[in-house]
Each structure stands twice: as structure tokens, then as C-alpha cells.
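Engineer: Construct the entire structure; sequences and hints are all you get.
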Amino acid sequence: MEKILPKKSFLEWMKRLAAYDIFAPALQDEIWNYELVRSPAAIDMNFLLPVVPPKKIIFPQVETLFEFRTSESGMPEIRDILPESKPAVIFGVRPCDARAFIFLDAVFDGDFKDVYYFQRRNQTVLVGLMCVTPPSSGCFCLSVGGAPHSRDGLDILMTDMGETYFIEAATEKGNKLFESAKHLFKEPKTLDIQELKNIKSESEKKIARQIKNIENVSEKLKKMFDSPFWDEESRSCLKCGICTYLCPTCHCFDMNDEVESPFPLKGKRVRTWDTCQFPDFTMHTSGHNPRPDKAARLRQRIMHKFQYFVENYQRYLCTGCGRCITKCPVGIDIVDILNKVETHG
Amino acid sequence: MDKNPYLPRTAKIVDIEDEVGGPRAIKTFRTQFVVNNSFSFLSGQCAMVSVFGKGEAMFSISSTPLVKDYLQFSVMKMGKVTSALHDLQVGDIVGIRGPYGNNFPLDSWRGKNLVFIAGGIGLAPLWSVIQTVLRKRDEYGRLTLFYGARTSDDLVFKREIEELKSQMTVLLSVDAAEPGWTEFIGFVPNNVLDKKPSPDNAIAMTCGPPIMIKFTINNLRELGFRDEHVYTTVENKMKCGVGKCGRCNIGVHYVCKNGPVYSWAELNRLPPEF
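So the sequences go chain by chain: A and B.
Each residue of the first sequence is one higher than the last, beginning at 36 in my numbering.
Each residue of the second sequence is one higher than the last, beginning at 1267 in my numbering.
Keep in mind the hints are simulated off the structure, nothing from the lab.
Source: prediction; values computed, not measured.
Some hints could be false.
Capping the alpha-carbon separation at 30 Å, the derived lysine-lysine pairs in DSBU-like fashion look like this [stated by the list, open to error]:
1) B:K1503 - A:K362
2) B:K1346 - A:K208
3) A:K121 - B:K1346
4) B:K1269 - A:K91
5) B:K1424 - A:K303
6) B:K1503 - A:K255
7) A:K217 - A:K50
8) B:K1346 - A:K274
Structural biologist: Spelled out as C-alpha cells, the structure:
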């Protein structure tokens, strides 16, 4: 479905979505981040790439899986805590971040379906904003199968046309958002459709960064496991983990018990984001560590995204958002690394 | 509603056996589920055991699936969860979820001679297999167990091993000489080389410290065993147990899901990161 929404009607549309929790990018301390919207009037659609991707709404950084406590009989009992089931809309999702959900879906689905993830995922509508100009200097979505105008993973894609938004609904979930506000939307004219096409093709030309011949990378990586390349590339790494914490596709997590009271026992099992860049991520209790140094851990990050995941799921575990490049304190650059891999040996 | 993969079932500890003392003590726990005491698994598979308030860790199930009454875990006191387990008493409650991972392909080994080679606590994952094949004794050929530890005090299942001797060949070893020891003195791989089990129509399984496994594999090759007929189990740090949390992978394989049982031929095809 295709519609035109005059910008002056955007606020009116928001007001009609009262049944949903609305998340949108908000500027705080000069940083854009997705926040729960208290007042629709506060939504500002002129944002850059939010620092933390919207995965944090579906897969929160900290979440309680279940509570345990000593019951009256003196035995521990468990109660699972599933997310509350209020439908949500995330506005201003960048196409790269929306594609990431397709990859996360594959990981969290399967033999052991992650009920926590899908409880939120299934009731969240993703409304994207096309990147007419790249929202970050790190953008390289075209190299990994994405595009500034990709609708993959999105329920709706909005494109800023100046006075209006061009609205493309891709799913049933997306169509539902119009039901209560049909009169606000107009049918697109031939001229609108032509202009949209132009904006889309122009947007691709503005992506500056590129991984060359990425189709060769996976096979190359297979032969580079023992290469000194990883020592060289990881030398400046500070082990801060920001590359993975801010990655829209990274999903590694930890599970730990938090105790409120030891006697009688009361506490909860909590899941938190974790990262393959921390030394103790893989360290055995014995002290043995299969990934003992920075080189092994950088190799794991690159291999997971561009070799292991490709083999397991037939796609790169990367959407080209560029956060790991722009936010790395020492300038480790995944595009540079992959270009070196491509020409290696 | 889909089943919650992270939610353990509560189980009661019904028996605790002290196997080994000292700072790295080993105890064997038997558990029964509080509600509906049934749990379907295969030899080689693992389960996540929770001590509520301390956390959760993955253990191989050392009992046979043919005994339905209880699950058995042999645990060395090493870190937070295992130390907490060692503090528990009969009647205490733990959480258990699983089973996880693959299993020893026992069905395809019918008619074969089986050689078990274990060091220290490494006997635990093989114990489930031994108990299973002994209950189906006529389906398998010659059974041989090589088992060793640093000292005779470090051997687990001592009483049960004595009983085994009437049913299979048991070849014990200790690393160094000690008073009263009449069996092999030296490392487990050397005992294997000394006794020369035949590779003909045979499958070998080896579990123990990485260095023991390495030398055992070398010696088995020397005896003519092919890598696809030698099996081991891989251990890695695990949290979710269901192939999602991202830390136990060796290349494309998640040990919690695709492992822990591998033939040496399969392991050779994975990157050397374990």
C-alpha cells in the first residue's frame, strides 16, 4: 500500500495511535536515542543515526527471565516473568536497523524459541525512515545487501519528500496503523511516485563507504584462522566491547542470578547483553580460555559476522550501520578490515 | 504458547556420594523432579543445573537413560555454581533444564567393540554410555575401560568400577607409584599404548583433560584407529544452553547444541579453537 501524508498531519496520526507505546528518536545531551514518547508533539523526525539501535526495545540490555523464592513449604519455587503485552510502534527505524531484526529473528527462533524476544517482537510495529542522506559517516549498507531505502524487516517505510512523507506499507501490521486515521492520508500521484524513485536512486549514490567483492570474503576468512593478520588488526583494541553493544545484530548475552534476600531465598535470574570482546566471555572455570587474546576475539567478531553466520544462515550478520566504526575509541574499522581480508594472501 | 527455554524444573537431591576429597572434591548427585519425574535423554547429552541464587552450569548426565528413576551428575568443585552444589544436602532443591546437545551414536555401534578411555572426572560422560551398553550387553562386542587419575584417591566411581570388572575389561592407572597399587603406573595414554586395544571393528571414546585427550588420540592413531572411529566430548563455557548466547561456538558449531559429542574426524574439520 502506498500513501502520501502531509507533514502537518503527522502529529494528528501519532495522536490516534494511543493504543500503542510509541518509541521515537529523541535528542538528549547531543545524542539521538530511541525513547518512549510521552507527548507526540515531541517527536522530531530530523534525526541522525541513533546511538543505540532499536534492538534494545525488543531485546533489552537487562531483563528478568524468572523469579525464585522459598515457598511456605520451605522449597524454592520459580515464576517466569514474561514481558508485558502492550503493542508498540517504533518510529524512525533506519532501514539497516530494521534488517537486523530479520537476522535476530533467525537466531531467537528455531528449536528453542526465545519467548521473551518474540513476545515483544510480535507486537511491535517497525516504522522506518528512509535515509535520503546517510545519517552517519560510517554507513556501508549497500555492501552487505541493504540499501538506504530497504524495506526488509520494516512494516512501514516513510520517505521525507519535503512537504510530505511518502508512506509504503509492507505488512499487515503496518496497514493497521492507518485504520484509525484513514482521512489523513492521500493517494500518491504519478509525480510523487517518480520523485520517490529519484530520491531512492540518489540515496544510493551518497553512500561513501564500500566493501569490495564482499562475496569473496567468506571463503577468504576460512583460510585465515591462523593468520597473524588478527594480531595486527587487534593491536589497538581496548576491549571495551562498544562495537558489539551498539551493533544492531549482535545478540550475545549472559545470564546471572541476582539475590534480594538469601534467607528466606528471594531473587531473580537476569539476562544481560554480553560481548565476545571481553576476556572472560569464554574463559573456563579452570582458567583455560579458548579465545585467550584480543586477536582471537576480533577474529571471532569478524568470523561470526562474515563466515560462521553465512554458513549457518546464508547471510552476513551485519547491516552496514557503521556504528562499530564511528564509535570505536581507537578507530578499528570493519570496512577496512574486510577490504584487507578480500585482498589477503 | 511456546515453551520457555530458560525456565528450569525444580528437582530434589535424593542422594549424594563423596567420590574424591580435597580442594577439587568430586561429588555425585542424584536428583528427582518435584513434579512428574520423567526426563527423556540419550547418553552423552547434558543438562543445565541451577543452584538458585548462585547461577547455572552445564553438566553431562552420568546416569543411563534406561534408569528412569533419577538423573545423576558428577561434579568437581571448581567455581561458584559447583561450589554451591557441593554445599547442598540430600533433600535440597536444584533447577534442571534440558536435555541439551547431541549424543553418542550408540545405535550405529551395535555389534562393535567399545573402548572407553577416561581420565579423572572425564569418566562422568562415558559412565552413561557404559551403563547403557551393559544393560544391552548382547548388542555390543568386547568392552574395555581404561581409566586413570593422578592418584588412586582421585578415581571416581571406585565401588562401581569394582563391580564392573565382572562385566568388562577394566584397566586402571595412576600417574605415579603408590603403596599397594598393583595396576598400571603412568598416564592413561601410555596405558592404552601398553595394552594395545585392537582397532578392528572398534570404536574408542575418550574424555578427560585436553592434554590427555591429545596424547590418547596420537596413541590410538598409532594403534591403527581411524579418526572417525574415535569420539570425545568438548567442553566450553555455556550460559543459555540453546545455541543463542554466543560463547560456546567452535566455528559454525555451538557446542551446547551441535556438540558436545564429536568424532576426532569432525573436530579436525572445525577451527582449532577449544
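Engineer: Tell me the hint numbers this structure goes against, listed in increasing order.
Structural biologist: 2, 3, 5
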